[in-house]
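Participant: Take the sequences, apply the hints, and build the full model.
Taken in sequence, the protein lines are chains A and B. Using the working numbering, you'd call the opening residue of the first sequence number 39 and step up by one each time. Using the working numbering, you'd call the opening residue of the second sequence number 16 and step up by one each time.
Source of the hints: derived by calculation from the structure; they are not laboratory data. Any given hint could be a false lead.
To be verified - Derived Cβ-Cβ restraints for the label pairs, each shown as a range:
| id | chain 1 | residue 1 | chain 2 | residue 2 | range |
| --- | --- | --- | --- | --- | --- |
| 1 | B | Thr548 | A | Asp235 | 34 to 44 Å |
| 2 | A | Asp235 | B | Lys174 | 42 to 52 Å |
| 3 | A | Glu207 | B | Gln601 | 56 to 66 Å |
| 4 | A | Asp232 | B | Ser193 | 39 to 49 Å |
| 5 | A | Pro223 | B | Phe181 | 40 to 50 Å |
Quick caveat: nothing in here was measured; it's all calculated off a predicted structure. Cβ atoms here follow ideal geometry from the backbone N, Cα and C, with glycine treated the same way.
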Amino acid sequence: MNEMNDPGAGLSRRSLLKAVGTSVGTIAMLPVLSDEGVLAFEALQRTKAAPKLKALTPAQYATVDALTEAIIPTDAHSPGARAARVADYIDLLLSESDAALQAAWTSGLAALDAAAVAAHKVPFVKLQAAQVEALLTAISANEAQPTTPVEQFFRSAKDATIRGYYTSEIGIQQDLQYKGNQYLPEFVGCLTEDGKDCPHCGQKAQAKA
Amino acid sequence: MHMHDLQPSAPVTPGKEPFDAIVVGSGAAGGMAAFQLAQAGIKVLLLEAGRMLDPQKEYKTMEWPYKDLRRHRLPVGEFALQAAEYRTLDRPYGLTPEMQKYKKVMAYSGNHFTKDWIVNEKEHPITGTPYAWVRARVLGGKTNLWGRVSLRFSDLDLKAKSHDGFGEDWPISYADISPYYDTVDTLLGITGTKEGIPHLPDGLFQRPLKLNCGEVQVQRAIAKMGRKLIAGRAGVTTDGVLNNKYRARCMGRGRCGRGCDLNAAFHSPAALIFPARDTGNLVVRTDSVVSEVLVDDRTNKATGVRVIDKNTKEVMDFRGRIVILAASCLESTRLLLNSKSATRANGTANSSGVVGHYFCEHVMGPGASGILPSRVGTAPTNDDGRPQSTYIVRFRNVTDKHPDFIRGYGFQGASGAAEFPANAAETPGFGAAFKKTVRANYPARVNYGGFGEVLARKENRVFLDPEVKDAWGIPVLKFDYTFSDNEKKMAADMADTAEEMLRAAGATDIVVRRNILTEGWSIHEMGTARMGTDPKTSVTNSFGQTHDIRNLFVVDGSIFVSASCQNPTWMIMALCWRAMDYVKEQMRTGNL
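Facilitator: Here's what the structure looks like:
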């Protein structure tokens with residue numbers, strides 16, 4: 039992962055290093071929850087209640103919610119980030135992060151709104167779908183090497199959205215239709231392993247060398 | 016299933032002695048030593064520095080991330096060092112200003128599932144050159160979280176000096192150890208396929224793990240390059256074992272590294288220690304930090320060990336007829352170095368001066384990932400339910416001679432879907448197209464990473480830090496260890512060949528990893544008390560018996576002469592079984 043993948047403004051080198059992560063592919067370097075935070079989050083998820091915000095203001099929450107849904111939307115296949123309550127996850131995680139990272143998100147959200155206003159004269163949450171598409175297309179163009187604050191914020195928010203969504207029940211079960219973590223007496227591999235032509239991949243059986 | 020009476024009514028105290036044997040450490044080596052001796056009717060005291068473990072409670076094998084609302088992140092106040100920290104923090108890692116806000120700082124393998132097993136760097140500091148030293152202090156040690164890859168060493172490894180001139184040959188050949196590999200295979204269960212590869216000998220395999228469609232594609236592509244991709248060989252029973260009531264066969268659930276609550280994966284507690292206790296010949300004392308081996312310098316015999324109770328810090332001496340160190344490569348080494356007297360000024364069993372030297376392991380990091388177009392958009396299959404996926408067998412310096420480096424490397428890797436979509440972070444964009452691409456590529460990702468032999472060089476060493484001590488007052492290890500030019504050139508070749516093979520398999524979106532991970536990342540420490548025939552250049556004989564003190568044995572990875580590129584656990588257990596057969600015979604004939 040690139041060192042610049044996190045919002046740079048106000049971040050110490052220490053926080054940046056923390057954000058960089060490792061080669062094992064971890065992403066979305068958000069801090070962890072206290073037991074209290076976990077319980078609060080659990081209650082939210084269980085009751086589908088309105089969020090009791092801990093870090094974000096209601097306006098910031100609405101922006102995060104809209105942004106995460108724009109990154110991973112509901113489609114014909116499965117519900118998206120809003121249904122998976124990714125914004126709740128981000129709020130609760132941010133609530134226990136250090137001040138520098140909170141500030142980075144605050145300024146990042148402000149930068150996103152500023153970009154929306156500059157392009158379309160309304161804040162992000164008020165954008166039409168086509169406007170969201172145009173704005174995010176512009177600010178994600180450099181996502182591999184983000185430079186401006188809003189580009190860096192997008193990368194960070196995207197990483198957090200990926201983490202929150204693909205660890206959710208909706209993400210794992212409904213979207214990815216993950217097949218593991220169950221009792222299976224035998225692993226079904228490529229049928230060429232059983233000496234047959236494989237209908238799944240079209241590879242033909244061949245004599246083992 | 017009731018595991019055992021896991022909490023003894025009161026920990027054993029000195030007075031019941033002498034035990035026939037004292038075993039220090041309860042991982043792969045200590046578990047095997049205790050099992051072999053207890054089965055033979057020998058009274059064993061097993062000392063574990065960590066606490067007792069109840070596998071049924073602590074192995075959270077099937078927990079979904081969304082059932083843990085931290086999504087499996089560490090709780091506040093706990094932190095696992097990442098590659099960035101190892102590169103930038105001074106040692107001791109846990110005591111730097113950056114780490115002050117955490118109550119517990121762990122090696123990189125600390126996670127939601129392992130955090131109560133991995134030691135706190137604040138209590139267990141290390142100094143010197145950077146090293147990611149993963150230590151698990153709990154019954155069973157690192158076998159609770161190990162990677163399960165179980166590969167035999169061959170004469171290409173054991174006689175490597177004869178092959179290329181570097182280092183030393185082992186004092187044994189494959190013919191000496193092969194019968195013990197067979198018995199370890201039978202006792203514990205191992206999955207694999209017979210391949211007839213001379214430098215990666217076959218074992219007595221149970222039901223193999225099949226390749227999936229993507230892996231067959233890679234296999235066939237690289238076969239044209241003369242390279243072999245084979246089904247993973249894992250220390251996991253896929254058919255079950257008849258000899259152990261604590262274990263069941265693999266049910267393809269995956270998540271083995273959290274601890275397998277069926278104990279299909281080999282974990283020392285259920286596979287070795289509980290059955291050993293059932294013989295009535297084994298006493299397990301946990302929370303027992305061994306600080307030194309006690310030696311009678313008049314008779315030149317080990318008399319026992321000194322224990323510091325982990326919790327009360329009470330110091331007590333246990334006596335035994337023989338002492339067997341199985342505390343892990345570097346911990347056994349530290350123990351030898353810390354066991355000093357006027358006549359053993361540089362440690363016990365160290366008249367050669369080589370204890371701590373010839374430190375070797377596996378270099379890792381380089382590799383490549385990509386997307387197999389033929390698998391894009393296909394229905395996900397259960398790919399990460401296998402306890403291991405596939406292995407690409409060493410192809411360098413086997414019959415040819417590479418111009419840049421000696422020795423070789425193998426690759427571990429897989430194609431297909433895992434619970435978390437690793438391809439998501441690599442997928443550009445956002446919105447419906449992003450989501451669809453992540454989903455479509457989810458079954459199509461392929462990834463391989465290399466494990467390469469680090470040469471056993473005398474200058475790579477650990478020694479006791481003259482000043483820094485751990486929380487029990489025991490001097491800590493100072494590392495003086497770096498990768499040599501040979502490892503760096505090998506690592507560069509690993510990245511090149513990984514890319515080349517994925518290209519040959521038709522992968523797209525290839526991401527090549529060229530960086531070498533921090534020293535220690537492989538968790539395969541070896542060589543610091545190496546075996547040999549010459550007491551001037553080695554510490555033990557081929558049975559782990561120290562040249563200097565005949566009733567003191569070392570049976571973990573420290574006695575390896577060279578690292579090979581194969582994962583060491585199965586070799587540790589085969590060597591240990593062989594050593595214990597020797598011990599039994601020596602005890603029977605009155606030589607010990």
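Participant: Each hint needs a verdict: does it hold in this structure or not?
Facilitator: The hints, checked one at a time:
| no. | hint | result |
| --- | --- | --- |
| 1 | B:Thr548 to A:Asp235: 34 to 44 Å | 55 Å, violated |
| 2 | A:Asp235 to B:Lys174: 42 to 52 Å | 43 Å, holds |
| 3 | A:Glu207 to B:Gln601: 56 to 66 Å | 59 Å, holds |
| 4 | A:Asp232 to B:Ser193: 39 to 49 Å | 30 Å, violated |
| 5 | A:Pro223 to B:Phe181: 40 to 50 Å | 47 Å, holds |
Comparing the model with each numbered hint stated earlier shows that hints 1 and 4 do not hold.
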